[in-house]
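What the sequence shown shows, in my numbering, is residues 542 to 1088, in sequence order.
These aren't lab readings, by the way, just hints derived from the structure by calculation. Small disclaimer: the values here were computed from a predicted structure and weren't measured. Every residue gets a Cβ at the ideal spot worked out from N, C-alpha and C, and that includes glycine. Wrong hints could be hidden among the right ones.
Taking CB as the label site, the calculated pair distances span [unchecked claim]: (1) K992 with K1041: 18 to 24 Å; (2) N850 with K994: 49 to 55 Å; (3) F854 with N730: 23 to 29 Å; (4) L931 with K717: 38 to 44 Å; (5) Q845 with P714: 30 to 36 Å; (6) L931 with Q845: 50 to 56 Å; (7) V735 with P692: 50 to 56 Å; (8) N712 with L855: 39 to 45 Å; (9) D864 with N925: 57 to 63 Å.
In silico DSSO-like links for lysine-lysine, alpha-carbon gap of 30 Å or less [said to hold, decoys possible]: (10) K828 with K770; (11) K1041 with K770; (12) K709 with K1008; (13) K775 with K828; (14) K794 with K1008; (15) K662 with K994; (16) K769 with K831; (17) K661 with K770; (18) K661 with K717; (19) K885 with K769; (20) K769 with K662; (21) K717 with K662; (22) K769 with K661; (23) K994 with K831; (24) K770 with K1037.
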Amino acid sequence: MFIKGNLSMKRTLLFFILIFILKLGFTQNLTLEKSFLTDYLRNRQLLDSFNQDRSFLIRPLNLVEDSIQGLPMSKEKKYFNVLPIAFQYNNNSDHPVGINLGAIYPTKGSQFYITGGLMKKIKKWTIYLQPEIVYASNDHFRTFPNEHYDPIWASYYQWNNKIDLPEKFGNGPILKVIPGQSKIEYSFNNNFSVKLSTENIWWGPGNQQSLVISNNANGFTHLSIQTKKPIQTKIGSFETQLLFGSLQNSNIKPDFMYKVSQSAFLYKPKLDEKRFITGYIITWQPKWTKGLFLGLANTSITYQKDLKNVADFLPTPNIIKTDNDKNGMRASLGSMFARYLLPKANAEVYIEYGRSDEYPTLINMLNGQRYPRGFITGFRRVSNQMKHDLRLEVTAEIAQLDATYYDQVINANSWYTHPYIRQGFTQNGKVLGAGIGPGGTSQMLDISLLKGKSKMGLMLQRSEHNKDFYFNAYQDWINVKSHWVDLSAVYHAYIKVNKKIFINAQLAVTNSINYNWWYIPLTDPLLPGSGYDVLNYHSNIMVVYSL
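Using the sequences and the hints, build the whole thing.
So, in structure tokens, the structure goes:
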């Protein structure tokens, strides 16, 4: 991609890259409009060559054709436009690893994903039919060890009984056909639209994590009213989206339901009831501070059987308290965030801070109340042009969702869990927000080279799984250090092969230290043992072809 030479040399190099990537990789799903374009245009904004009024806090973006020239887009036919076809191969060698998978399942073994479709504009209507097909071999892997002691299992189910987050998605192959990135949208004017959609959305400034909604799970059916572009006012520009949707349950029971007695299990079946989700996001760019974007995002979830009046359908529990709110029958969380562009330095910084037990406001975020809190912070900088038209990009991000107070730990009061809405903030068995999940932490550093519409780089990441569970389960143990920590090195690249073909690929190795919190003790429990450490190799390649 960065090597000058004849066409045959480039093709030969590309062939060997593809063969190598099929052996290793990093599991992170990508659809052209929502991942590659966001990354590419976000960099262009830092270089002051893309609309500086765009906050990138509400995604997917409404894009115009002239902003993405040279990329594979829909091809106009006589009666409709044909969308690009995307094919993705994904593989984990030992156990599920990866976040932001979208429709792809966190499984071991090979997995195949394909999407494509049609687009039609009729006056003020826009129709996208873009289904997604997923096949996963779903190979067997070692789950939470049976050798764990009774207190560990009891603590384990404190969390699993408050969230729909299966460790394994059943037994045997999975084949799913879902509506994917489909939508029907009506534009009132150039500023506002309403749409019925199943596409993925992302709220917040993060590159890799988001506290409220991300593409970690597949898209859910929702009706939304939103701005199509920033709305200019006397005090600055605004963007917003109002959301009403329905979430799917995984309905997957664990393979091993630990017994408390001959007739009682730690696992408590969840209510098989559809969940209604509502929320909103508002962003503001003050006219007095160029490049600063401020925002607020809130969501709440209610069982559909508990929707009794109009207020239950509205995302306003901090304004109108319904009986569901007063009785703890509605789950709410949200965040406040800021993104600041520094065009002269080709850089951006951002932060997101939230609480997971109710809607955040300036008052309840700054008071001394003991509430579950989390944050994401990061930066990105692109260098000036170097030799051979290359640029250097440096990105870093930290995410922290572990509990602040002891009473939250012992009561499993973590991000995305809830004692009444016991599927929590999930869609089809995956977290709606940050992929690190309840009690998780993450530190990431990425260094990449850019040239034109191509990019290659190396990402180093440390992720710790559910620290809240760990401190609850092992609080009375001595000399036990069984934090489950993943250390990953990820090579990634996207390549513009020609006008019709783009390739996105990742390859990586992850060392899972104390996998599933399993620290093998010696005969004497007071003496240190040894951690159960495993290596996992990831493979991911996506080819996007414009017809």
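Comparing the hints with the structure gives:
no., hint, result
1, K992 with K1041: 18 to 24 Å, "holds (19 Å)"
2, N850 with K994: 49 to 55 Å, "holds (51 Å)"
3, F854 with N730: 23 to 29 Å, "holds (26 Å)"
4, L931 with K717: 38 to 44 Å, "holds (41 Å)"
5, Q845 with P714: 30 to 36 Å, "holds (31 Å)"
6, L931 with Q845: 50 to 56 Å, "holds (53 Å)"
7, V735 with P692: 50 to 56 Å, "holds (52 Å)"
8, N712 with L855: 39 to 45 Å, "holds (41 Å)"
9, D864 with N925: 57 to 63 Å, "holds (59 Å)"
10, K828 with K770, "holds (16 Å)"
11, K1041 with K770, "holds (28 Å)"
12, K709 with K1008, "holds (20 Å)"
13, K775 with K828, "holds (8 Å)"
14, K794 with K1008, "holds (24 Å)"
15, K662 with K994, "holds (28 Å)"
16, K769 with K831, "holds (21 Å)"
17, K661 with K770, "holds (21 Å)"
18, K661 with K717, "holds (25 Å)"
19, K885 with K769, "holds (28 Å)"
20, K769 with K662, "holds (16 Å)"
21, K717 with K662, "holds (28 Å)"
22, K769 with K661, "holds (18 Å)"
23, K994 with K831, "holds (27 Å)"
24, K770 with K1037, "holds (28 Å)"
Of the numbered hints stated above, none is contradicted by the structure.
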